[in-house]
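Residue numbers (this note's numbering), protein chains in the order written: chain A, 3 to 360; chain B, 11 to 477.
For the record, the hints were derived by calculation from the structure and aren't laboratory data. Note that the structure is predicted; figures quoted are calculated from it, not measured. Among the hints, erroneous ones may be present.
[Said to hold, decoys possible] In silico BS3-like links for lysine-lysine, alpha-carbon gap of 25 Å or less:
hint: 1; chain 1: A; residue 1: Lys288; chain 2: A; residue 2: Lys302
hint: 2; chain 1: B; residue 1: Lys34; chain 2: A; residue 2: Lys288
hint: 3; chain 1: B; residue 1: Lys34; chain 2: B; residue 2: Lys53
hint: 4; chain 1: A; residue 1: Lys323; chain 2: A; residue 2: Lys309
hint: 5; chain 1: A; residue 1: Lys309; chain 2: A; residue 2: Lys288
hint: 6; chain 1: B; residue 1: Lys200; chain 2: A; residue 2: Lys288
hint: 7; chain 1: A; residue 1: Lys202; chain 2: B; residue 2: Lys200
hint: 8; chain 1: A; residue 1: Lys221; chain 2: A; residue 2: Lys288
hint: 9; chain 1: B; residue 1: Lys188; chain 2: B; residue 2: Lys200
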Amino acid sequence: MTQSPQRMPAEDPSVQPEDGFRLNMLQERFEADKQYQATADEMLEFYRQMLLIRRFEEKAGQLYGLGLIGGFCHLYIGQEAVAIGLQSALDSERDSVITGYRDHGHMLAYGIDPNVIMAELTGRQAGISKGKGGSMHMFSTEHKFYGGHGIVGAQVALGGGLALAHQYTGDGGLCLAYFGDGAANQGQVYETFNMAALWKLPIVFVVENNQYAMGTAVKRSSAETEFYRRGAAFRIPGMDVNGMDVLEVRQAAEIAFAHVRNGNGPVLMECNTYRYRGHSMSDPAKYRTREEVQDYREHKDPIEGLKRHLIEAGTTEDDLKGIDREIRSRIAEAADFAETSPEPDDAELYTDVLVGTY
Amino acid sequence: MPIELKMPALSPTMEEGTLARWLKQEGDEIAPGDVLAEIETDKATMEFEAIDEGVLSKIVIAEGSENVKVGTVIALLDGEDAESPAAMAIPDGARDRPKGPAAVAGERQDAGSVDPDDAVTPAASAASRRDPAIPADTPMKNTTVREALRDAMAEEMRRDERVFIMGEEVAQYQGAYKVTQGLLDEFGPKRVIDTPITEYGFAGVGTGAAMGGLRPIVEFMTFNFAMQAIDHIVNSAAKTNYMSGGQMRCPVVFRGPNGAASRVAAQHSQNFAPWYASVPGLIVIAPYDAADAKGLLKAAIRCEDPVVFLENELVYGRNFEVPDLDDHVLPIGKARVVREGADVTIISYSIGVGFALEAAEMLAQEGIDSEVIDLRTLRPLDKGAVLDSLKKTNRLVIAEEGWPTCSIASEVVTICMEEGFDHLDAPVLRVCNEDVPLPYAANLEKLALIDADRIADAVRRVCYRKA
Ligand SMILES: Cc1ncc(C[n+]2csc(CCOP(=O)(O)OP(=O)(O)O)c2C)c(N)n1
Ligand SMILES: [Mg+2]
């Protein structure tokens, strides 16, 4: 008598494979309660930070329009809840972050001075990279923020290396590596998934699925559009998160970070979000309808969403207007600084090429 | 005060555009995100969105206007609590000088400051960058290049916990070419890491680990396979220090065999030295003998900059004398005169040095006294050593096991033309491989590669001698 081969349906929660891996093992915990219970102060802080990013980016768009920012400039408007929800849950002493070229929001989420970020965008000496990196290449090793990378997908493998360094030194930190839905189709992403899972590296891979890679909608480029499932082949648990809700993102971060910190290896988190602006400043965005954009702005906006929570919790419209005024003037100051700071010295051309002298 | 809406630059190249259409009229209430106008740029038609809230009080530029320069005021918006967007109009110097950057720069210096113990002889004067003198009574040890490389890694791993090696077959198999023999036994799997066959991925992981403060040695089974990883070597490792204004360190070593092996045909036989040597931000080293291999690999591992360390499979098994010192470290960026001579200079590196020495012996029989220089480091290239020797001999040949076009040889020719022209008694000649993919057939392979005879021929020509 032949025995029929036993197949194990990966999604059946009653079946536990030997190592306990199920694609949805963290998702189930998350689904049980998706809302992070933020204190009133935390909520206000999230609001403030998301608004800072929004106003900063609007201003960057204006400065680009005035010719003060050159080259490529990718705005983060619409995606603010992702960086704030995740990075607010980090242990800033130990954890590292790496992302692609859409990096202004991730820098601001650290509380890095908007002046030096804006001055980098305008290519000035006072910029955080002395004006030599620009919008796409910004770093703050002081905060363990490792960039700011212009090659789509490169930051995923580099993030794997940062995670290896955490594991090697035993510093207890984890790496948060962000990439786009377009970057998710790069081969090195899967090379890194494999090594990260094989070596149980402390890393959270975050797909910021903003539905488009330049002009290409997710459906036109990806055979599997549920990006959180893409780690299944490497036994990496996936999480499917509404990236337009900062409390949901924060809750997901708590679950993912705890899993990784306990030595269980990587997590793949998909944050579903939307960029309101074009891919970069020179994108006419004709590949989507105005209605689609308006729908997100009016019904799913992360800042408006949190505002509703705040009002329910007793914050007044006036309080929020006050915050907005404060942030606008902070951003206006950053723009002034970035416009009036001197350009780098000519001699700066030759500095920082090599560290040593040979 | 009304907000001035200016003609935006909507692409990196746009200088002017056409204001195709106004979608809002004077007096309209404007909310952030409303499309105000359509503007035709040099590339496309773009929508011009409002950022501030307010009332469109005046349209300054009528629709249909062409060649509107970027920055021209096109409309006015009466806003609620408008901040001044007119900062540009304030003359230089009328504002306070920016505060803070000096302090920021200071912090950065600290973040990147180098433990003096770790610094590899970074001295300003050429003299102090000479090879350290070897004490007269130092015993010499006959060592293969393969062992010398392994010893260098082992010594550095003992010295610095942060040093580790990763690559295909480096651990359990003891190295595809047995260069990492014994390392797993001594240092264990945490520091001697077998990777999957995933060059792009592990080059990125190694580079990221260096950014994260470790000192990785990334072994490529051969540099032919590093083509998949060249993006991380060039874009991630070489450039981040510059692009971060000096914040990001990337002290990684990429090493492995490079150049033609034997009868493995075109995809497995290629010298990538000129590729990497063209990239600012990289250090490129290609030693020939065992003593240099050891001393320079130790220097490379201690180096704060990313290093591409090019070995040669055909040289791995050759024996050389290596000084039996506790810590044999050589300076990066210095060539070495391996044979002194008066009549002609032969410049080479890696396996080419062996051919050059062979040619020099042949030529000595004919009364031509050749000086042979091993460049050892290809970036930064030791121009001084090339020019000093040229000044002495007035004739120069470069021997390179690699293609001639855009090569290290063409670089050396340029140096001689630009800075040594007055010392030349004959044109500089280069001896390189034939300009073809390397063939498999034994006879064709031999025809394609450089050898001592070809170098000797070139030397005779620059000396105006007949064979
Ligand atoms: C290797 C590589 N290929 C192509 C590009 C050009 N490029 C820049 S951004 C981009 C789209 C990426 O989209 P996605 O990953 O979804 O990120 P998003 O811009 O939406 O944040 C492309 C194709 C690049 N920078 N690097
Ligand atoms: Mg995208």
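Hint-by-hint comparison with the structure:
The hinted pair formed by A/Lys288 and A/Lys302 meets the criterion: a straight-line CA distance of about 21 Å does not exceed 25 Å. Among the hinted pairs, B/Lys34 with A/Lys288 is consistent with the structure: their alpha-carbon atoms are about 20 Å apart, no more than 25 Å. The suggested pairing of B/Lys34 with B/Lys53 holds, with an alpha-carbon distance near 24 Å, which does not exceed 25 Å. Taking the CA atoms of A/Lys323 and A/Lys309, the gap is near 11 Å; set against the 25 Å cutoff, the hint holds.
The suggested pairing of A/Lys309 with A/Lys288 is violated, with an alpha-carbon distance near 31 Å, which exceeds 25 Å. For the suggested pair B/Lys200 and A/Lys288, the alpha carbons sit about 51 Å apart, so the restraint of at most 25 Å is broken. Between the alpha carbons of A/Lys202 and B/Lys200 the distance comes to roughly 13 Å, so the proposed pair stays at or under 25 Å and holds. Only pairs whose Cα atoms come within 25 Å are accepted, and A/Lys221 paired with A/Lys288 is accepted, the gap being roughly 16 Å.
Under the criterion of a C-alpha separation no larger than 25 Å, the hint pairing B/Lys188 with B/Lys200 is consistent with the structure, at around 19 Å.
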